[in-house]
Structure formats: C-alpha cells, structure tokens
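> Spelled out, the chains give:
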Amino acid sequence: MSAADFKPHPDLPPPKFQTGWVKWLRDNLFSSPFNTFLTIVSVYLLYLSLPWVLQWAIFEASWTGTTRAACETADGQPRYGIGACWVFISVRFNQIIYGFYPPELQWRPNVVAILLIGLLTALLLKGVKYKQWIGAFTLIGFPIIAGILIHGGIFGLEVVETDRWGGLMLTLILSWVGIVASLPIGTVLALGRRSQMPIVRTCSIVYIEFWRGVPLITVLFMASVMLPLFLPEGTEFDKLMRCFIGIVLFQSAYMAEVVRGGLQAIPKGQYEAADALGLSYWKKMGLIILPQALKIVIPGIVNTFIALFKDTTLVYIVGLIEMLHILQVAGRDSEWIGFDTEGYVFAAVMFWIFCFFMSHYSQNLEKKLHTGHKR
Amino acid sequence: MKFVKMLLATAFTVSISVSAFAGTLDDVKGNGSVKCGVSTGLPGFSAPDASGMWKGLDVDVCRAVAAAVLGDASKVKYVPLTAKERFTALQSGEIDMLSRNTTWTVTRDSSLGLNFAGVNYYDGQGFLVKKELGVKSALELDGASVCIQAGTTTELNLADYFRANKMQYKAITYDTSDQTVKGFEAGRCDVLTSDQSQLYALRIQLKDPGSAMVLPEVISKEPLGPVVRQGDDVWFNIVKWSMFALVIAEEKGVTSQNIDNMKKSTDPGIQRLLGTSGKVGANLQLGADWAYQIVKQVGNYGEAFERNVGMSSPLKIARGLNQLWTKGGIQYAPPMR
Amino acid sequence: MVENSNTPPSTKPPWHRDPIIRGYIYQTLLIAAVIAFGYFIFNNTLYNMEKRNIKTGFEFLSSEAGFGILFSLIEYDESFSYGRTFVVGLLNTILVSGLGIVFATLLGFIMGIARLSPNWIVAQVAKYYVEIFRNIPLLIQILFWYSIVVKLPSARKSLAVGDWLFLNNRGFYIPAPVFEEGFGIVLGALLVSIIAVYLLTKWAKRQQEATGEQFPTFYVSLGILIFVPGLVFFIAGSPLSWSMPALKGFNFRGGASMIPELMALLIALTVYTGTFIAETVRAGIQAVDHGQSEAAHALGLRQGLTIRLIIMPQALRVIIPPLTSQYLNLTKNSSLATAIGYPDLVAVFAGTTLNQTGQAVEIIGMTMAVYLSLSLTISVFMNWYNKKIALVER
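Protein chains in written order, with the numbering used here: chain A, 1 to 375; chain B, 376 to 712; chain C, 713 to 1106.
Please keep in mind that the hints were generated in silico from the structure rather than gathered at the bench.
A virtual CB, placed ideally from N, CA and C, is assigned to each residue, including glycine.
Among the clues, some could well be false.
Sample of chain B residues at the chain A side, in silico, Cβ under 7 Å [to be verified]:
1) P455
2) E460
3) T463
4) S467
5) G468
6) E469
7) P709
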C-alpha cells in the first residue's frame, strides 16, 4: 500500500443539527435550559404586546379626514378607542412644525432648514474641499443668517416676534443655539480648569460644578423669573432670550467637561513640543492643542447636542411652546379632547428619529476618528 | 488695588445710573405694546384660538388698557404664565400687568408688593364631582381625593374648608388647569375644586360634560381682577380706570355699536366718559378719547361678559353677582368726575 | 577676539513678559471682575426687590403653610410651617431618587449583561430596549407612564390579590406592619445576628485564604438571619400586627400605599436611566480583555462564577465613574416630578410655597443648594467606593 492509494474520503455533511437555521436556533436560542426559558418568556411577551401595538398604531388607526368624526366612526359605526387617531396630528401638523409662525412667512424657516441640510451634507460627503471653512461657516455665519431670516427686522424682512415661534422649529433653534453658543464658553472654561493659575482654576471648577449640580428646571426657572431682578432696571430680554441665557449657562458647563476630555487625550509631547518651539499660550492652544482636541471630542459634542435636544422639552416650564407642548395645547382644544396619547406617541417618535440618527452618526464618527489610536 | 477700586466704582455707578426710574406708562409707550400676563389656557378667560389669537374676559382687560394707552386694542403682547410664575413675573417687570384670574387677598396686597386694580369677575370656589359618585353636598366629601391647581388661593381655601368641617382629604396638586381636568377625567381624583367660573370652563373640556356636576356649596369669596406692581400710581390708575370705564359704559348704555351716536349725547356723564368734555383723560396722562377707544374696540363690560363667558359663549355662565349694581349684582364703578 | 561684544545684555525678559508676574496680573483681574460682577448682581437685586416691595429674609419659613400635601414621609398637615414643607419636599425627592437609583441600577445591569447574552432574542430585546428608551425625552416618558397609571381601574374595581394587595388608580396598597410593645427586642436580635453574620463572613474568608477550605457562608448566614430573630419574635409573643388596606368611602384606608405619581415617576426614571446604565455596563464588560474570561474558563470556573469573580470586579472599575454621573442625572431629573404632581422639592417648595410667599430668590436659592449638596453627597460616596474597588497596585 502506497501513499498514492490513499483516496481522501469526501467530506461528510455536518450533522443535521449543526447546520443552517437549526444550528442557529440551537446556538442562539436553546443553548441551555435557562436560555430556553428566556426565549420562551420573551416570545410570549412579544406575542402579547406586538399585535396589540400594531393594531392600535397602524391597522385600526384613522389616517384620513379633517374632523374628530373621522376618528370616531368608520362606515357609520362608532369605533372609539380601537385605533389611533392620526387625523389629530395631520390637522395640526403645521403648528407642530412652526408653532404660530405666520403661514405666509414660513418660507423663511424653510430656507434656513434647507441651508442647514445642505451644509451638513457637504460636511458629511467625502471629497468636498475646504471642509474647515464650511464647518466654521456652519458654526458662525449660519446662525447669523438663520437669526436674520427667522426673526426678520432688517433687509425689509417683516419682524416675527419670538412669542410666535414654536413647535419643532423652536426645539431645533433652542438646541442649536445652546450648542453653538456654549462651545466657545465651554472651551474657555475647560482651558481654565486645566490652567496653572490656582484662582483661574478654582473659578472654572466652581462654575462647572455648580451648573452641573443643579437641575435644568431650576435653571430655567431662575432665568425666567429671577434674571430681571439681577439686572439693572430697564434692561429687558424677552422670554426666549432669557431661556437661551439659562440654557447656555447650564450647557457650557457640560461642554467644558467634554472639551476637557479632549484636552486630556492629547499626548503630553504635543504640549512640550509647542513649548519648545517657543509658542505663546494662546498660540500653543489655538494652533496645536485645540484643533486636535476638538476633533476628538466631536462625538462627545454630538452626544451633548442629543441630551440638550431632549432637554428642550423642559422649556414648557417657562411657557415656551416647543414641540411637546404644542401637542398638549392642541389636546386642550375642546374639539380634540382625549387624543393626548396620540400626541405623546407622535412627539416620542419624532424625538426618537432625531436622536437615533444623531447618536448613530456620532458612533460612526467615533469609529472614523479613532482609527489612529486603535491597536 | 487702585484698579480694583476703580472697577468697583464704575460698576456701582453703572448700576445706579441705569436704575434711574422709568414709569410703566413710558415703558409701554416706548415699546408700543402692553405686556400682559395671562393664563396658559382657560376657556372664556384667556385661551388662544386655532389661529393663535388670544380671547377671553381677562384678555379683554389687557385689550382695554392697550386701547386706552396706545389707541389700539391689538397692541398687547401676551405672556402665558402658570399660577406659580405669575407674581414673580409681575414683580420682576417681565409683564406690565397681570390679568389672570387672580384673587384679591390681603397677603398679596401687602407682602407681595402688588396692587389689585379692581374686580373684573366676582367668583367663589366650588366643587365639580362625577355624578356617578352620588354626592349631593360638599359635606359628604370626607376622605376624598381632590384635584387642584398648584399655587392658588383655592389650595388654602380647600384646606380651611376641610379643616373647619373636620374632614380628611388628599390634594393632588397639578401645575396647570388642564392637567387637573385630565386627572379628574381619568379618575385620579373624586373631586375637582376651583373657582366656579373655572369649573364651568373646565367641565366643557370633559369628554362627556354631562357626567359631572357642580356642587351647590361655594366655600370662598374670590374677587378676581387685574394686578399691577406697587409704586407706580400713574399706571395703577390707568389700569383701574380702564376697568371702571368698561363698567361705566355699560351703566350708561354705551356699546361698541352705538358709541359713535353716543358721542353726540348731552348726558354729561357720557360726555366725560367719551372725552367730549372734562379733562379725565389728561388727568390720567392719557389721550382725551381713551375710554372711547376702549368701548369702541373692546365693548362695554356686559358685551365682554356675554361674548366670553355669558349665554352667547359655550360656557353659558349667568351674570349673577357680576350683574351691575343697578340690576341686582355688585359690579359697581366709582363715579367718573 | 570679539568674545564679549555680542553677548545679549541680559537674559531676563522685561517684567511684563514674565509668565509668573503675568499670572498674578491675570488672576487679580479675574478676581476683580468676579467680585465686581457679584456686587453688580447683588446690588441690582437688592435695589429691585426694595423698589418692588418684595420681602426678603427667611422669616417666612416659620409661618403657617396652610395647604395640604398629597404625600409625606413625616407628619404633616396644613397647620405646619413653610419650613416643614421644605423638609417634606426634600424627603420626597430623596425617596424617589433613592428608589430610582436602586431600580435603575438593577435594570441597567440586567439589560447591560443581557445585551451580551448568547441568547439571540434576549440580546435583541435588550438592544431594542436601550435604543428605544434612550432616545425619547424623559418628560414624555413620565407623562406617558402617568397616563397609563391613572388608567388603572378605579378604587371600587381594584385589581386585588386576596385581601392583601390592591392596585388601582389611587395607588398600590399593601398591608403595613404595626409595631407593638416588645418589638424592639426583635430588632435588637436582628442587629445582633447581622453583626454575627458579618464576623462569620470575615472569618470564612480568612479561613479560605489560609487553608483553601470553603465554608458554606451563604446558607449559614441565611439560617442565622432568619432563625435568631424569628425565635426571639415568638418568645416575645409576636409583637407585630398588620394594618390592612380596606375600601372606606372614596379611598382605601389603612395599610401602606404608593401613590400613582410616585409609581409613574419611578418607572420612567428607572426605564430611562436604566438604558444609560446598561450601555455603561456593556462598555465596562467589553473593556475587560477576552483573555480574562478564557483564562477563567480554562481554570474550570463556570460562567456565573466567571462573571462574578473575574469579569465584574475588573469591569466595575470602568463602570463606576460614568455610573456616578448617571446617579447624579437621575437625582436632578427627579425634579421633573412637578409635571405630574408628585410632591417633590421643586413641586412643593419651589412651587406652591414660592407662590404663596413670593420670595423667589430665597426659595430658588435654597432649592439649588439642596440639589448641589445631594450631588456632592453622591459624588463623595461614589468616589469613596471607586477608590475601594480600584486596582491595588503592588
């Protein structure tokens, strides 16, 4: 018998239970008695809840019409409480997006929204040149243009008072302004917290820890009712402005901590190299450290943005009508009483969509930006 | 150190110099609008309609003041306030006047630094219950859960009433009046307590208004009226007399419809009211036609009442105490002379 | 030789370029600015308050409050003072934050571990739980759960388990223990057995380290904890009775109850904060090198023991710092109670009391001070715990 006689037997198929979906089921669902138990319980719970939710939200829901009657009857039969009444949302849709912004002027926020989407897309796409300039414009130039367009008052644009702003528009404005304005303040505070000068450091720490230690509600309440007491008589801000001040005071403390994280992540060699070159403190920070640190903390900034975006629901405390509150106001209309569940669900879904995509965006960024550091 | 002193001195002078007194009237004229604190939504008294326009009896007081001062009733900037924030908003100068179902009490007059400029609605606190409970009197409410709005005198009255009658209760305190309705509707509480006018307004917000009834007991006096800050008597007078002008116009039978004819009236009272004789307007530091503008644009008290809360509104509240003194009520304005 | 001709005259920079002197100048300026700003605010506030006739000072704390509070951990009725309302609100805030922290930690750890479970469905459920509830504002969740809780049946149609437990839209009622004379002895016995168990555990650990022998600590401890106080309880003649909830008039009376506002707030805080804790836990576990669990398996440790003895102690070092900030967030977020009428500090004290007295500056100041101290306390405790479990480098 020689080696040439050896005929390898063709591979046997794997055992029946080790292939395909059977193996997947065994590995993933029934690998142990405890796992089997968990699987059965989970499936049973899903079986109980899912059909009910789908039925309420989709199959039995009312989608068309303009009146309450469209929800309460179908083919002449009363059908109250079986399905959701999305008519309630569609009737008020314009208010949910723009608040009480005059309809004939709504092209202005629309232009701002398109501009913003354009800028963000440009920042996202690969191969677009001058990204840093576009980024700078998004942070500095764009808010000015947006402010002029939405508020009006110059270039012959009709003024729209801030008490008519509302809905999703106001939610976005609040969070955008909150982030853009708190970024520079937060950066200064972060630098202050890492400063060699004890008094500067103490002041920064006290500021940061104070605002991080109190709930946003009390900050907003303070901004709303106490700020006018703090300022000289005759100084006046409208409600929205005071709200901005409160949010920025609060948010800059959180921003400072995010930026500090970035500053700490920059290797010491960078600081020393800059010192060795004889750069002054501000040149060292502005040219060497901050550009690197800020790049690292972009995901952190997006996360802060998400948190603020969710927190804007609290401005109802000071009587600003953002998206959640406008749905509550709508539910107070005697024509549409009893549909607040639909209102909450809609608001929840809207917030969820925004937050979900932003958080995934930030996770992707994180992966992209961290390639250099991973082993 | 010198520098520090200098800085402190500068800050001090700055804070003094800008603190120079400016009257509310000048502020209002300068801004071109009256900043008026209203409720966040109470049908019949102040609530925005579908197009975002504010309507109601309290709103009409704001409009009357704007008409008197600026000649245009629409020049009001409405600031919706919860019961909690309303006084601080007024004290801090965020609003020029507050017209938000606010009860006149001695504490508010004395320790809050406020002035009540009259009464635009005489009210009293009552109870709304579900009919299915079978309760016929407030004295049967021992042990009940009561929905109530935070930061109001009703909270204190409720406590007093139950204490006086040796009954137990649980107060479920919500921020806004519509939350109290939702709580009541859902059955979180057995009773909803508030001023009677509000009970009617809140009842029409129920899915089935017929399922609830207002109990006969009225447990408190609630004179509701517009409020201003203390220390500015010019403005106090303007708000006070804008209120009275509404009532006097009704007494004299002047309405928004017939006012232009009434201008030719020979009744000296009407002449003084409409500014065709006398110097009432100038004394109040207003234009001669201040009351004319009020009645022309807002109507008289009776018109405002009917339109917002009376029989021609969904609330259908009878005039009752709010009838003129000449007709059996207690709405009474001092003479304008 | 021109050796000395072009030596710089002095290496010392001019004084205004000296970083140390500059530092002093900057800091002096900063102090001056802060003081000036503080003085400016203080001065304005005093002037404005005086001009508007707003009362100042803390005398209001001792005057009668005159309003009722739905739920209080200490004795309270309308005749107590405003100062008492502060305490009632504070205790309610501490109650909901404390319970919230416990439940959120439990849920968060379960879900965080479940996300890494080999069971596909369990992992997916955990993943969807995190993705859904993390991205919805807390306020909406609170309102949502509250609207669910008040839709429970009314008091007369309560869901009941025998005559013991009742659930309705007025709350969740359970029998409450009523301690009678002599119960102190039972408590004393309990205390003694707890100390005994503590000493036993220490001894068992030392024993195991010295000899490798394991002592069945858990079962023996359980035995001591149940048997000793139980025996004393019966010897003392069962000095305990139960107050049973029963429907009287409009509501249940007797027993202990949890109001729906607390339930809704607690569910929302737990579910919301649980998502963040789950993510933290997952990240912490994943941060532990895979080799660690492989090594543990190679040593023959079962999965449960591997997690408990090898993975968790290492993961906790990564988990604790972000967990601390979640606890702080939860405590601050409990102030949203005001949206559904749970009588916490913001709702009672910064709400009703503020409105009745009108002294905004004092009351908001006190409220902020309370939250700052709560935050500080939690931070200090968690830092202590973090130090305790930190890697001891030898």
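> Now, for every hint given, state plainly whether the structure supports it.
Comparing the hints with the structure gives:
1. P455: With a closest approach of 5 Å, the P455(B) hint holds.
2. E460: Hint holds; E460(B) Cβ to chain A Cβ min 6 Å, cut 7 Å.
3. T463: With Cβ-Cβ at 4 Å, under 7 Å, it holds.
4. S467: Check passed: Cβ of S467(B) comes within 4 Å of chain A, closer than 7 Å.
5. G468: 5 Å, holds
6. E469: Holds, because the Cβ-Cβ distance from E469(B) to chain A comes to roughly 6 Å (cut-off 7 Å).
7. P709: 32 Å, violated
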